[in-house]
Amino acid sequence: MNNSRVKVLKITACAICLVISALVSLMIGRYEISFADACRILLSCLVPVEKTWTDLAQNMLLLVRVPRITSAILVGAALSAAGASYQCIFRNPMAAPDILGASTSAGFGAALAILLHLSSGTIMIWAFLASIGCIILVLSIARAGKGSEALNLILAGIMISSLFQAGTSYLKLIADPNNTLPEITYWLMGSLSGITMKEVGFVCLPMFAGFAVLIFLSWKMNLLTIDDEEARTMGVNTRLIRIAVVIASTLLTAASVSVSGIIGWIGLVIPHIGRRFVGNDCRFLIPASALLGAMFLLLVDDLARNLYSTELPLGIITALIGAPFFIYLMLRRGNTI
Amino acid sequence: MIEVRNLSFQYSRETKVLDGISFSAEEGQFISLLGPNGAGKSTLMKCMLGLMRSYSGEILIDGINIRTLTPRALAKKIAYIPQSADSVFNYTVEEVVLMGTTPHASGILGPGKKEKAAAGEALQNLGIRKLQDRSFMNISGGERQLVLIARALAQKADILLMDEPTANLDYGNQVQVLEGVKKLVRNGYTIIQSTHNPDQAFLYSDQLMALNHGKIIAFGSPEEMITDRLIHELYGIDAVVETLYNGRIRVSIPKSVLREDEHEQ
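Residue numbers (my numbering), protein chains in the order written: chain F, 1 to 337; chain A, 1001 to 1265.
A portion of the hints provided could be inaccurate.
[Said to hold, decoys possible] Listed next, with one range per pair, are the computed distances between beta-carbon atoms: (1) A:Glu1179 - F:Arg276: 36 to 42 angstroms; (2) F:Ala212 - A:Gln1124: 33 to 39 angstroms; (3) F:Ile141 - A:Ala1073: 32 to 38 angstroms; (4) F:Ile327 - A:Ile1237: 39 to 45 angstroms; (5) A:Asp1062 - F:Leu331: 49 to 55 angstroms; (6) A:Lys1016 - F:Gly147: 22 to 28 angstroms; (7) F:Leu331 - A:Ser1256: 39 to 45 angstroms; (8) F:Ala212 - A:Asn1037: 30 to 36 angstroms; (9) F:Arg5 - A:Ala1073: 29 to 35 angstroms; (10) A:Val1240 - F:Arg276: 55 to 61 angstroms; (11) F:Ile321 - A:Lys1016: 54 to 60 angstroms.
[What the hints assert, rightly or not] Derived BS3-like pairs (lysine-lysine); straight-line CA-CA distance at most 27 angstroms: (12) A:Lys1182 - F:Lys7; (13) A:Lys1156 - A:Lys1182; (14) A:Lys1077 - A:Lys1183; (15) A:Lys1182 - A:Lys1076; (16) F:Lys7 - A:Lys1113; (17) F:Lys10 - A:Lys1130; (18) F:Lys10 - A:Lys1156; (19) A:Lys1046 - F:Lys146; (20) A:Lys1114 - A:Lys1183; (21) A:Lys1016 - A:Lys1116; (22) A:Lys1183 - F:Lys146; (23) A:Lys1116 - A:Lys1076; (24) A:Lys1077 - A:Lys1156; (25) A:Lys1116 - F:Lys10; (26) A:Lys1130 - A:Lys1113; (27) A:Lys1076 - A:Lys1156; (28) A:Lys1183 - A:Lys1156; (29) A:Lys1130 - A:Lys1182; (30) A:Lys1156 - A:Lys1116; (31) A:Lys1114 - A:Lys1130; (32) A:Lys1016 - A:Lys1046; (33) A:Lys1046 - A:Lys1182; (34) A:Lys1156 - A:Lys1215; (35) A:Lys1130 - F:Lys7; (36) A:Lys1076 - A:Lys1114; (37) A:Lys1046 - F:Lys10; (38) F:Lys7 - A:Lys1183.
Hints were generated in silico from the structure; no laboratory data involved. Since this is a predicted model, take the numbers as computed values, not measurements. All C-beta atoms in this analysis are idealised placements derived from N, C-alpha and C, irrespective of residue type, glycine included.
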């Protein structure tokens, strides 16, 4: 009884920390905005407030920082929740959104759209379609294959992922080195710069749908980590739940990639921190991972935009933190994961 | 009460794994299922649990054909206790037991207060309440088996199927688990366990079912059923069944061992 109350408290603390770090992130940046001004500008969106700030400050805050911070929170939360779910349904602590090729295929779709000089809204749709297409392909290969379906899914994911990777490499080869190639390359490294509220709004709906499914199925996801037949004797329709969770997690991944490019490692690292923090019960793990992931990406993005005069791609920073953590996991893999 | 009528099962075009199985088990009965590897023990259990549906014949629980039940409704009537449960992720004992309450959990977020109370009661019942907050992977094999039994109790099914519950346990743990099981039988549960140990079947269960090549070759009280002939038929071994303590214990001793003794003398 107390045990779960402690976990709820921990998750609430995470949520409060996230709100605070979001407010602090609003103020930091090359253009200084005071805390009082930031609060007043935000307030002015809801009720009329006497204007004591410059137009530049208002635009900076509402058109640049708010969308950027919102997208960092959404993408971090989505990738982490997707990672935690993949780990459960594939019974594999090393699983991550990249495992099904969801990220790389979304990257391919976007690169193709950039190459064809399509508008930014269309780039998102292409990334989305490629990712969903990839997942359908992976799922059908895994179902057609013989043997363990959970293992087949991972193997098929790796194969299809490498195919899309090759496709992206080819696109880079034929891209115009003066305009499209740098755009594709930078986008693939992961970045949240230049995001507008319209783009954030576009991915909101699929993301919330994905989160809702994962939260709704979070208890039954626990039973997918044990033997399938055992779970079925407890009245759980394992196949249906596994497919629903895969689709929801992929939706989250595709939406993230379409807004931010490929940001690796978060989906692997954050769920493990979440497991240490609140244990393995998905009812607590999924929300905790989402909140921790949101905070983590917010922090990484603050670093990316403030560390140097030019912006660092997010993928570089997350890899710098993620790769050593992965090695650490490999070295101390025991049953305590 | 569970009743199996003329149950047959075969994988496509192969020989029958189960061939015309009929038996019934009442409340408070402890049946040991004996048979060599490949005799059809696991298949029989899987059919009864609704995991395999392409069988012919009927399986009735309290007079209801299990084909007509949803997996969730069936889970409330019959529970499975595996040999071991390996999870990649380390859950606490309480979480493992809570998993059993899944068919009863009505809330969208899984088990609530009522289910937690049921899990606590199940642990109490088996005398392992103190393990509640320990992690499942870090307790002894016997304790783990008891936790899996508690999980089945939390499922609130009256019929429990156990797959070689003592196979991986040392002697002390075996006795601990079987004593726990015996207590449940006294409380009215119907328990069917598969085992490879004829002595254990005699010692703890009150019915014996011997399965060979998908057919029941013996069904009845262990005292009458466990004989030299049955051991030979099941395992192809010449053995002598001896009684100890005025017939309260029965052991089967391979004749080859006895002959060696004779040679030494």
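Cross-check of the supplied hints:
Under the hint 36 to 42 angstroms, the C-beta atoms of Glu1179 (chain A) and Arg276 (chain F), about 37 angstroms apart, fit the expected range. The hint said 33 to 39 angstroms for the Cβ distance between Ala212 (chain F) and Gln1124 (chain A), and at roughly 37 angstroms that hint holds. Checked against the hint of 32 to 38 angstroms, the pair Ile141 (chain F) and Ala1073 (chain A) passes, with Cβ atoms roughly 34 angstroms apart. Our hint of 39 to 45 angstroms for Ile327 (chain F) and Ile1237 (chain A) is violated, since their Cβ atoms are close to 53 angstroms apart.
A beta carbon spacing of about 54 angstroms between Asp1062 (chain A) and Leu331 (chain F) agrees with the range 49 to 55 angstroms that was offered as a hint. The hinted range of 22 to 28 angstroms is satisfied by Lys1016 (chain A) and Gly147 (chain F), whose Cβ atoms lie roughly 25 angstroms apart. For Leu331 (chain F) paired with Ser1256 (chain A), a C-beta distance near 50 angstroms fails the hint of 39 to 45 angstroms. As the Cβ distance of Ala212 (chain F) to Asn1037 (chain A) is approximately 47 angstroms, the hint placing it in 30 to 36 angstroms is violated.
The given range of 29 to 35 angstroms is respected by Arg5 (chain F) and Ala1073 (chain A), whose C-beta atoms sit roughly 33 angstroms from each other. Checked against the hint of 55 to 61 angstroms, the pair Val1240 (chain A) and Arg276 (chain F) passes, with Cβ atoms roughly 57 angstroms apart. For the pair Ile321 (chain F) and Lys1016 (chain A), the supplied restraint of 54 to 60 angstroms holds, since their beta-carbon distance comes to about 59 angstroms. As the CA atoms of Lys1182 (chain A) and Lys7 (chain F) are separated by approximately 37 angstroms, the hinted pair breaks the 27 angstroms bound.
Only pairs whose Cα atoms come within 27 angstroms are accepted, and Lys1156 (chain A) paired with Lys1182 (chain A) is accepted, the gap being roughly 17 angstroms. Using a Cα cut-off of 27 angstroms, the hinted pair Lys1077 (chain A) and Lys1183 (chain A) holds, with the two alpha carbons roughly 19 angstroms apart. Of the supplied pair hints, the one linking Lys1182 (chain A) and Lys1076 (chain A) holds, its CA atoms being roughly 21 angstroms apart against a limit of 27 angstroms. With a C-alpha separation of about 16 angstroms, the suggested pair Lys7 (chain F) and Lys1113 (chain A) falls inside the 27 angstroms cut-off, and the hint holds.
Proximity of Lys10 (chain F) to Lys1130 (chain A) is assessed by CA-CA distance (about 25 angstroms); at most 27 angstroms being required, the pair is judged to hold. Between Lys10 (chain F) and Lys1156 (chain A) the alpha-carbon distance is near 32 angstroms, which puts this suggested pair outside the 27 angstroms criterion. Annotation: proposed proximity of Lys1046 (chain A) to Lys146 (chain F) holds, straight-line Cα distance about 21 angstroms (limit 27 angstroms). Distance restraint check for Lys1114 (chain A) and Lys1183 (chain A): the Cα-Cα separation of roughly 24 angstroms lies within the 27 angstroms cut-off, and the hinted pair is therefore satisfied.
Proposed proximity of Lys1016 (chain A) and Lys1116 (chain A) is contradicted: the alpha carbons are some 43 angstroms apart, above 27 angstroms. Straight-line distance between C-alpha atoms of Lys1183 (chain A) and Lys146 (chain F) comes to about 43 angstroms, which puts the hinted pair past the 27 angstroms bound. A hinted pair counts as satisfied when its Cα atoms are at most 27 angstroms apart, and Lys1116 (chain A) with Lys1076 (chain A) qualifies at roughly 16 angstroms. Between Lys1077 (chain A) and Lys1156 (chain A) the CA atoms are separated by roughly 7 angstroms; this keeps the pair inside 27 angstroms, and the hint holds.
Using a Cα cut-off of 27 angstroms, the hinted pair Lys1116 (chain A) and Lys10 (chain F) holds, with the two alpha carbons roughly 20 angstroms apart. Proximity of Lys1130 (chain A) to Lys1113 (chain A) is assessed by CA-CA distance (about 19 angstroms); at most 27 angstroms being required, the pair is judged to hold. A hinted pair counts as satisfied when its Cα atoms are at most 27 angstroms apart, and Lys1076 (chain A) with Lys1156 (chain A) qualifies at roughly 6 angstroms. A C-alpha spacing of about 16 angstroms is found between Lys1183 (chain A) and Lys1156 (chain A), which places the hinted pair at or below 27 angstroms, so the restraint holds.
Simply put, Lys1130 (chain A) and Lys1182 (chain A) have alpha-carbon atoms about 21 angstroms apart, close enough for the 27 angstroms limit, and the pair holds. A hinted pair counts as satisfied when its Cα atoms are at most 27 angstroms apart, and Lys1156 (chain A) with Lys1116 (chain A) qualifies at roughly 13 angstroms. At roughly 20 angstroms between alpha-carbon atoms, Lys1114 (chain A) and Lys1130 (chain A) fall within 27 angstroms of each other, so this suggested pair holds. Pair hint Lys1016 (chain A) plus Lys1046 (chain A) holds up; C-alpha atoms about 15 angstroms apart against a cutoff of 27 angstroms.
Between Lys1046 (chain A) and Lys1182 (chain A) the CA atoms are separated by roughly 23 angstroms; this keeps the pair inside 27 angstroms, and the hint holds. As the CA atoms of Lys1156 (chain A) and Lys1215 (chain A) are separated by approximately 31 angstroms, the hinted pair breaks the 27 angstroms bound. For a cut-off of 27 angstroms, the pair hint linking Lys1130 (chain A) to Lys7 (chain F) stands: about 20 angstroms separates their Cα positions. Proposed proximity of Lys1076 (chain A) and Lys1114 (chain A) is supported: the alpha carbons are some 15 angstroms apart, at most 27 angstroms.
For the suggested pair Lys1046 (chain A) and Lys10 (chain F), the alpha carbons sit about 42 angstroms apart, so the restraint of at most 27 angstroms is broken. About 36 angstroms separates the Cα atoms of Lys7 (chain F) and Lys1183 (chain A), which puts this hinted pair outside 27 angstroms; it is violated.
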